[in-house]
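*Asks:* In case you want the letters, here they are:
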Amino acid sequence: MSEDLIKQLASHIAAEVLHQPNRVLAPDQPLLSSGIVDSFSLVDLAMYIEDTFGVHLDDSELNKETFDTLAQLASLIASRQA
Amino acid sequence: MSNFSSLLVNSYNECPEKTAITVLLSGKTDQPVTYRQLIEGAAAWDQALTRSGILPGEVVVLIQQHSLELIFAYWGIVLHGSIPSIMPFLTEKLLPERYRADLSALVGITRPEAIITYREFEPEVRAALGEGSSVRRILVSDEVQPAEKFDPNSFGGLQRKNDDIVLLQHSSGTTGLQKGVALSHQAVINQLNTYANTLKLNEQDVIVSWLPLYHDMGLIAGFLMPVLLRVPLVLLSPFEWVRAPYKLMQAVTHYRGTLSWLPNFAYNFCAQKIRDRDLEGVDLSSWRAVSNCSEPMRYESQQAFVKRFAANGLNPAAMCTCYAMAENVFAVTEGGIDGLVAVDEIDRESMQVERKAVPAQPNRPTIRMLSAGQPLTNTRVRVLDENHRELPDRMVGELALHSDCMLSEYYHRPDATEKAFHEGWYLTGDFGYKADGQVYVAGRKKELIIVGGKNVYPMDLEELAMEVPGVHAGRVVAFGLFNETAGTEDVVIVAEVDTQNETQREQISDAIRQTVTRGSAVALRYVHLVDKKWLIKTSSGKNARLANKEKFLKEIGQG
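Listed in order, the protein sequences are those of chains A and B.
Take 1 as the starting number for the first sequence in our numbering and just add one per residue.
Take 1001 as the starting number for the second sequence in our numbering and just add one per residue.
Calculated directly from the structure, the hints in this document are not laboratory data.
All C-beta atoms, glycine included, are put in the ideal place defined by N, C-alpha and C.
Don't take every hint at face value.
[Stated by the list, open to error] Derived DEER-like restraints, expressed as beta-carbon distance ranges:
| id | chain 1 | residue 1 | chain 2 | residue 2 | range |
| --- | --- | --- | --- | --- | --- |
| 1 | A | D4 | B | D1278 | 28 to 36 Å |
| 2 | B | F1482 | A | V24 | 28 to 36 Å |
| 3 | B | L1340 | A | D4 | 36 to 44 Å |
[Said to hold, decoys possible] Subject to a maximum C-alpha distance of 20 Å in a straight line, what follows is the list of computed SDA-like cross-link-like pairs (lysine to any residue):
| id | chain 1 | residue 1 | chain 2 | residue 2 |
| --- | --- | --- | --- | --- |
| 4 | B | K1028 | A | N63 |
| 5 | B | K1551 | B | G1443 |
| 6 | B | K1537 | B | A1547 |
| 7 | B | K1247 | A | S41 |
| 8 | A | K64 | A | I49 |
| 9 | B | K1247 | A | D59 |
| 10 | B | K1247 | A | T52 |
| 11 | B | K1551 | B | D1531 |
| 12 | B | K1273 | A | T52 |
| 13 | A | K64 | B | K1532 |
| 14 | B | K1018 | B | P1152 |
| 15 | B | K1018 | B | Q1031 |
| 16 | B | K1554 | A | I49 |
| 17 | B | K1273 | A | D38 |
| 18 | B | K1273 | A | Y48 |
| 19 | B | K1549 | B | I1536 |
| 20 | B | K1419 | B | R1444 |
| 21 | B | K1200 | B | Q1178 |
| 22 | A | K64 | B | P1238 |
Given only the sequences and the hints, what does the whole structure look like? Please build it.
*Replies:* This is the structure:
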């Protein structure tokens, strides 16, 4: 389940944020602290997550302390879906 | 004659309990700051500067996040008679080493005598200062004690003369940080008084701003003007706004905000990225002027904004435009205060081919140009050809201006100062035309990318990309590409590489993205790797960014 989640998030970020649909993102690759996902894309990401997974991320959670990698983001989503 | 300090002290004497600024911080209650509190907070910094041996006329660089301390420290420097300059703080995506290099670039040219920062950041600042640095003292916010008893009429800042420099304004990147716009008390006060008339500032006005104070739009329109002219200011954090744009709307609702300034992309951003549920109870009917400023202004962006917030009472007539630059303190023009902003529908081909704004012809493609408005009453605008001769209406040329609120100089940069002027007229580096008394801005002569309201010099990004192994010096170009959806420019890097191996190319592309982003805090939208000899060079050997941009667009099928 978590792997599917990661895959789905990865392909969304590759296509919509990076404009590189074929780009592979590793589950443990830092996204926020590395600048791959910039602050202007964070609201988009939060909206996508809410629409796709029905999980709300508060704007105060859109930072690297809450999640920096796909794996961390996926487990955050999974924990709220449960 | 007034100066910054006398204006502030007058407010302290005449209306000490009036709220000057309400500071909004996530998770905390809104914090009103009265003129009395502002002076008391600032006096603590004035005393700290005195104890540190910092003198009036010396430059103090401020590196602070959105906070009360930033506000108090800024006014403390002013009251002390020193010259404040706000530098952006380190964000998580920027590499500390790169930030250090930027800071060194600024310190090397500006030669500040002191730096004010926060505790965690002090080591970073210290590391950036080399042997023999001009900086005699680094002050940290939590070292500063509450002000001892003080006489508001004896602040050193009260002695500053009209033509003394009151502040420095830098733009970002290595290039921008080495060109500090120096403004005098007189210039800023002239701008504020004239702009206040243009805006018809009155007792009912409330300014709401989320703009960073290290940028001229945030500093002048969203900080100095309201505080000095006693217009209540509601100040949000840029960091929070970008994560929760609805907070601007809620603040306008709650405080009955009347005036705001936004860069063009923010119109798109707000229109697209606010949920309906966050607009419950939002009433924007108090907004009488929302000025589009600091990047190319787009009719479509303003329309998207109007449409999105019509149900929340937004008055379409509140949409304004403003052409501004730090070199004129801030505003050069303002449009839309009386009635709607003029829109000039022109023939597309004449504009693109002959650089002439010919009114729309039947059955031919057109462009809708949004007017930047009319020049402020103290500012004259001319359109010049390549030989600096004035062009007639509707001909596109370089915009030049003359006013009583111009920069004194680029600080410690006589070379740059001299280059910027022609016979007393400041050459803006922007293209535009005039028609019916309105100014229309149409592109740039200077090589500058404006992304999200921030000025970025392409050479800074290219230099960063050249650091990546596999990328060669002089074989990279960076340029901006307008993105209709975002309402701002996307940053593109095209780099020649030797390898044909796909995996290696992907690694290089990743490394460029990472190095540039972490070196400049600018996110790249496209990294395009090409074979050797792809890039077009000009005869002088300098890379021709425009030609390469056109080639790139053809290659991705948009040219």
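*Asks:* If a hint holds in the structure, say so; if it does not, say that too.
*Replies:* Here is what the structure says about each hint:
1. D4/A to D1278/B: 28 to 36 Å: holds (30 Å)
2. F1482/B to V24/A: 28 to 36 Å: Holds: the Cβ-Cβ distance is about 29 Å, inside 28 to 36 Å.
3. L1340/B to D4/A: 36 to 44 Å: violated (51 Å)
4. K1028/B to N63/A: holds (18 Å)
5. K1551/B to G1443/B: holds (19 Å)
6. K1537/B to A1547/B: With Cα atoms ~9 Å apart, K1537/B and A1547/B stay inside 20 Å; holds.
7. K1247/B to S41/A: holds (17 Å)
8. K64/A to I49/A: Holds, at roughly 16 Å.
9. K1247/B to D59/A: OK: K1247/B and D59/A at ~10 Å, within 20 Å.
10. K1247/B to T52/A: Violated, at roughly 24 Å.
11. K1551/B to D1531/B: Roughly 13 Å between the alpha carbons, so the hint for K1551/B and D1531/B holds.
12. K1273/B to T52/A: Holds. K1273/B to T52/A sits at ~16 Å (cutoff 20 Å).
13. K64/A to K1532/B: With Cα atoms ~38 Å apart, K64/A and K1532/B exceed 20 Å; violated.
14. K1018/B to P1152/B: This hinted pair holds, its Cα atoms lying about 17 Å apart.
15. K1018/B to Q1031/B: OK: K1018/B and Q1031/B at ~13 Å, within 20 Å.
16. K1554/B to I49/A: Cα-Cα ~35 Å, so violated.
17. K1273/B to D38/A: holds (15 Å)
18. K1273/B to Y48/A: holds (11 Å)
19. K1549/B to I1536/B: holds (10 Å)
20. K1419/B to R1444/B: The hint holds at about 17 Å.
21. K1200/B to Q1178/B: Measuring from Cα to Cα gives roughly 36 Å; hence the hint is violated.
22. K64/A to P1238/B: Between K64/A and P1238/B the Cα gap is close to 17 Å, so the pair holds against 20 Å.
Consistency with the previously given hints fails for numbers 3, 10, 13, 16 and 21, ordered from lowest to highest.
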